[in-house]
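Visitor: Listed below are the residues making up each chain.
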Amino acid sequence: MRKAAVVPAFNEAGSIAGVVAEIRAADPELEVVVVDDGSTDATAELASCAGATVLRLPYNLGIGAAVQTGLQFASENDLAIAVQIDGDGQHDARELAQLLAPIISGEADIAVGTRFAGERLYRPSVARRIGIALFAGIVSIIVRQRVTDTTSGFRAMNRRGIRLFAADYPHDYPEVEATVLVFRHRLRMVEVPVAMRQRETGRSSITAFGSLYYMGKVSLALFVGLLRPRPTAG
Amino acid sequence: MIETRLTLVAAVSVVFVLGAIIELIRRHRLQERYALLWIATGTVILVLSIWRQALHGFADLIGVAYPPSALFMVAGLFVFVVLLHYSTVLSRLSEQNKTLAQRLALLEERLGDRERPRRAA
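Heads up: the protein sequence lines correspond to chains Y and P, in order.
Take 1 as the starting number for the first sequence in the working numbering and just add one per residue.
Take 1001 as the starting number for the second sequence in the working numbering and just add one per residue.
If we strip away everything but chain Y, and leave its shape as in the complex, we get (with noise of 0.2 Å):
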């Protein structure tokens, strides 16, 4: 059974490698995937020499794209596992035997790693915990299933859940409506308590500024993806 690690990357030279390397050691069977997102430093190159396998963009297409990126080179290669991990480090690539157990026992078909539980490293600021809280509150109402965290980009699936996100997922800011998008498509999600680490190096994507462009990209996104017809089970 192929599974690969995702690993969106965007100028990330200082901590790809030891990304890589923690997979390898964590899961040597899994294929460690870089998506190198249009990076102007070394982190396609660090990452080959690491023994992962290259995806490289352009140019930067946002973190949405460069997942999607790998996952359809998981749906082209027939994979039947694949698991998104961030390239900085914030993921802990040894709690992927956890993250994938619900996968392979056939429970859920999207696993998704929730940072409010274990050992408590992430502590994210009063202004991010509330909007966590907010979304996930919202989201919980749209799928009728608790959400505790929409904002986790450590996810394992099976092929269902390539198949769906090869095909459609979000540009930016993507981890909301790709939980919505879960759900609208009938896939069973479940969340895994996972311990997370504060970033190694570079900076998160979601700026002061960019908070606010969030909060209403990702508003206007669920609101009008209500408006959607719902897709056919498939």
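It is possible that some hints are incorrect.
[As the list claims (entries may be wrong)] Sample of chain P residues facing chain Y (criterion: CB under 10 Å; computed from the structure):
| hint | residue |
| --- | --- |
| 1 | Leu1090 |
| 2 | Ser1094 |
| 3 | Glu1095 |
| 4 | Thr1099 |
| 5 | Arg1103 |
| 6 | Leu1104 |
[Claimed, not checked] Cβ-to-Cβ under 8 Å is the rule here; a few derived chain Y residues that face chain P:
| hint | residue |
| --- | --- |
| 7 | Pro58 |
| 8 | Tyr59 |
| 9 | Gln68 |
| 10 | Phe73 |
| 11 | Leu134 |
Derived from the structure by calculation, the hints contain no laboratory data.
A quick note: this is a predicted structure, and the numbers were derived from the prediction, not measured.
Just so you know, even glycine gets a beta-carbon here, dropped at the ideal spot from N, CA and C.
Dock chain P against chain Y, hints included.
Guide: Here is chain P on its own, set in the frame of chain Y:
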């Protein structure tokens, strides 16, 4: 007298703009499909600025006391529609652009080409 001057200024400007649009199409720098909305905009403004009764009638209809204001309103509305149309064009282009870049990355990986020329920064 204000209206006569306005008629003149509006008509001359619109004719100039329409001429520029035709010239751009002729030089293949503007595709017909994107010129049509501009030509429609120009034509409506031209007609309303020359055909006084139509402008007055329209101003009465929508409750604008000063007919030239109605002319500007119509022009503004058309420009708004054109811009909205361009936003949809832009969205479609960026979607296609994304797909193209993704296909390129996947195909390049399949080629196994590690020595492709360095991209421009």
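Visitor: Of the hints stated earlier, which fail here?
Guide: Of the numbered hints, 1 and 11 do not hold.
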